[in-house]
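As a plain string of letters, each chain reads:
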Amino acid sequence: MEKTLAETIKEITKTHLELNNGLILGQCLSAVGWVNNTVPNTKNIIELSMTDVAGGGIVAGAAIAGRRPIFVVRFQDFMYLNSSMLVNYAAKAKELFGVSAPVFIRALATEKKGTGPTHSGIMHSMFMHAPGFRVCSPMTPTEYKEIWEDFMANNNPMFVSEHRHSFNQVDDIKDIVLPESKITIYGIGYARFNVLKAIEILNREGIKCNFINLLWLKPLKLTERKIESLTKTRIGLVVDSGFEIAGASQSIAYELMKKTKIYVEALGAEDRSVGTAERYENTTPSVGKIVNKVRGLIKIKN
Amino acid sequence: MEKYNLLEEDSFKKGKKIDVYKKMYEIREFEKQVKKSFDVDAIKCPVYLSVGQESISATISEFFKPNYIFTQHRNHSMYIAFGGNKEKLIDELLGRETGCTGGRGGSPGAQDLNIGMIGHHGLIGENVPLAVGAALGASERKILCVFGDGALEEDYVFSSIAFAFTHKLPILFICEDNNLSILTKKAERRSWEMTDALRGIGMSSADIIDDPKLIARKVNEFKNSLPAFINCRTCRHLWHVGTGQDETPRVDRLKEFKMELLKDGVNLDELTQIEEKIKLEEEKLWKKHLLKQ
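For the protein sequence lines, the chains are A and B, in the order given. The opening residue of the first sequence carries number 13 in the numbering used here; numbering runs sequentially from there. The opening residue of the second sequence carries number -9 in the numbering used here; numbering runs sequentially from there.
Hints in this document: simulated from the structure, not taken from any laboratory. The structure presented is a predicted model; accordingly, all values stated were derived computationally and were not measured. Misleading hints may appear alongside valid ones.
Unchecked claim - DSSO-like, lysine-lysine: derived pairs with alpha carbons at most 27 Å apart: (1) B:Lys269 x A:Lys55; (2) B:Lys274 x B:Lys22; (3) A:Lys106 x B:Lys132; (4) A:Lys55 x B:Lys158; (5) B:Lys34 x A:Lys26; (6) A:Lys106 x B:Lys34.
Unchecked claim - Sample of chain B residues with no beta-carbon within 10 Å of chain A, all distances over it, derived: (7) Lys26; (8) Arg86; (9) Asn104; (10) Ser171; (11) Lys175; (12) Asp197; (13) Asp201; (14) Asp236; (15) Thr262; (16) Glu266; (17) Lys267.
Where a beta carbon is used, it is the ideal one built from N, C-alpha and C, also for glycine.
Okay, chain B solo, but in the shape it has when bound:
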């Protein structure tokens, strides 16, 4: 993994940082509501929660405006960060006709065509060749393609990314690398990093932690010379599927980012107000939908 000097000046202004924090907090509160509903059996489908990984989607959505978004099964964070309709996502998780795929896709299949987000059907990495084909078909459009570290091991993923490089297709590939495939750590599955493999073929790539400042810097560096690949090392707090937790997470980027904002001079009261407002909104939204017949 690359080392960066986090004290280095960057173009990530304070106002933008607060916007990213708001999105991170919004995703966290939404996912907490999913957990709450799942734990009382109101949600009956399997859920793939983004808790702990919020900074990636929250930051990218502030700096990159794609025409299409091809996500993975753990997609609630991207859906929310890019402005997907949360009411439809709630209904989807509740299995309703009014859900974002009419109850057919469930948690991994969430989509909102209004933001260009096309549903994932559940096979890891399948969105990579699909994204590449979409970029090939509509090459003037920018595409965001998001997947996990397990997907990189699917045989069709490297070949698809390499094809995008050959044809200079405008895709930003993001790996939300939580080091886990269900519970199997990356080191037990492979001895290589995709960043190295892609550098080997000459493609722009970076291997960073999920600090919003780093993500912002790399997205801004790459977004006008796509394709590019960013491996973001992150920490999934809950189980692969479901709402359980085996151990205390080694890092909580949301808390860390809040501390940074406070160090940057953001007023604690301001952040507290933001948090309370988001929390109330999410509670209200979920209550409304859970009561809906």
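Bound-form chain A, shown alone:
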């Protein structure tokens, strides 16, 4: 039986801790479910104190010492606190001092069910903005293996934007490229699942859509193949779970427009704080929202 994403993360981590002399650090790693069963019960696990800012620095120091630490931050909103030393030192050390601090930052996101203002954020855009990081958002076992190999082959800290709702994923998410498509939709992270559902609905309406996965946010790997679809459909949309304003979706839409001179819009979480009650949630753009956005763009195109 094929492995789920959670099982894949656990296996990669186990190998790193047992065979590579790696370290994994984080708060409450061994508590309640071992971080959604992604952390193995083995050696080289360090429980950090409940000290978010110092925690990031301690992990960066362990990286300087050559341990290629995995830093688990159970909710991405905590990154505002945890990121100080990572942004200020780990990411800059290679350029400034010739000293590498390769930290694998596992930042977990989730949404809905009252996760509210401090447990439902998606922060990968913030790390795209800071020089020195590699940033990605893997949602499948295959993608996770790719980004792990990349981490081990490079000496930069890597921000890995995970989403708890994808941990049971087994299958790859494939690009969709059809000759009769009217729009190209680029999906980032967890938003890809909603995009695929939206595409099914739009297909039934006769609006065929191309779909392109964006695993890597920085460096942004806009290959010829990823751009070719846009040049044919002549209109595009980038969908992300993170905040739209000054975020990954807007930034990548801009990059696509700059490269192709073709109109591309962005869709992400709204520019407002999240509340706990359902009516105050601010989640990944819903299937309905994506469908409506595409319908609107097709009208503009026509």
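Given the coordinates of chain A, work out where chain B should sit on it, guided by the hints.
Coordinates of chain B only, in the frame set by chain A:
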């Protein structure tokens, strides 16, 4: 602050004291050359000088041999005391590619990986969690972590030191306590001492003046049972950044230590010869680098 009987016999032999004095004098002369170059605009980056605080680095370097050194922004003294390449530091201050960080780190970012000294990026106290993490990653190695009294107030510093204590990490934490954060005195910023806080959690710590004999004694006492913390009260002679001076320093440890050496029977001519030799060497070194294109 603790009271010690300075007349008490210790293992700080006369020869070692002269070695410490040589280093103190060398740092002072180097910093005087930095000031000279800064004042004529040959050095264009901000400089954080160690004048007045030399005894701490000079003494520690004689008694503690760390694998890694994580310093603060005011780091020239540690760099020189532990044998960092002075030519590269000069080039760094002059913003050259041949500098110790290629001109990227400047004065606060000075580093020399050959002595295990890793550059400081400029945020006070950041070196504390980094040092703790490095010790965690390579726990058989000894680490020296140096910072000022302002850094102790950074929220992540106590928690990092406490983490080192929890995990028994081999780090010697040194606070160069000059009682000033830029110009704001410690008493205006806080009503507590880190020494007391760390004793409260059971960690070895001491609060002393920057007399080399005291530093030597405490370093020797703690160095085989790390982690430990030493707060060294010292006197910064010049501005926080730059080369200015607002008032006559209340103490000049270099002069005081020289007087002690003379009382100990060291010959004045011997000290004068040492001083003249160091002074000439520094002048020659700086002249060579300032003229270099």
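Structure-based check of each hint:
Simply put, Lys269 (chain B) and Lys55 (chain A) have alpha-carbon atoms about 55 Å apart, too far for the 27 Å limit, and the pair is violated. Between Lys274 (chain B) and Lys22 (chain B) the alpha-carbon distance is near 13 Å, which keeps this suggested pair within the 27 Å criterion. Of the supplied pair hints, the one linking Lys106 (chain A) and Lys132 (chain B) holds, its CA atoms being roughly 23 Å apart against a limit of 27 Å. Of the supplied pair hints, the one linking Lys55 (chain A) and Lys158 (chain B) holds, its CA atoms being roughly 18 Å apart against a limit of 27 Å.
Between Lys34 (chain B) and Lys26 (chain A) the alpha-carbon distance is near 50 Å, which puts this suggested pair outside the 27 Å criterion. A C-alpha spacing of about 24 Å is found between Lys106 (chain A) and Lys34 (chain B), which places the hinted pair at or below 27 Å, so the restraint holds. The beta carbon of Lys26 (chain B) is kept farther than 10 Å from every beta carbon of chain A, the shortest such distance being approximately 27 Å. Listed as a non-interface residue, Arg86 (chain B) keeps its Cβ farther than 10 Å from every Cβ of chain A; the least gap is roughly 15 Å.
Listed as a non-interface residue, Asn104 (chain B) keeps its Cβ farther than 10 Å from every Cβ of chain A; the least gap is roughly 12 Å. Listed as outside the interface, Ser171 (chain B) is consistent with that label: its C-beta sits roughly 19 Å from the nearest C-beta of chain A, beyond the 10 Å cut-off. Non-interface status of Lys175 (chain B) relative to chain A is upheld: no Cβ of that chain comes within 10 Å, the nearest being about 26 Å off. Non-interface status of Asp197 (chain B) relative to chain A is upheld: no Cβ of that chain comes within 10 Å, the nearest being about 23 Å off.
Chain A leaves Asp201 (chain B) outside its interface by the beta-carbon criterion, the shortest separation being 31 Å against a cut-off of 10 Å. Annotated as non-interface, Asp236 (chain B) keeps its C-beta farther than 10 Å from every C-beta of chain A; the closest such distance is 31 Å. With a closest Cβ-Cβ approach of about 40 Å to chain A, Thr262 (chain B) is found to remain outside the 10 Å limit, as its non-interface label requires. Distance check on Glu266 (chain B): its Cβ is at least 36 Å (rounded) from any Cβ of chain A, clearing the 10 Å threshold; non-interface status holds.
No Cβ of chain A approaches the Cβ of Lys267 (chain B) within 10 Å, the least distance being about 33 Å, so the stated non-interface status holds.
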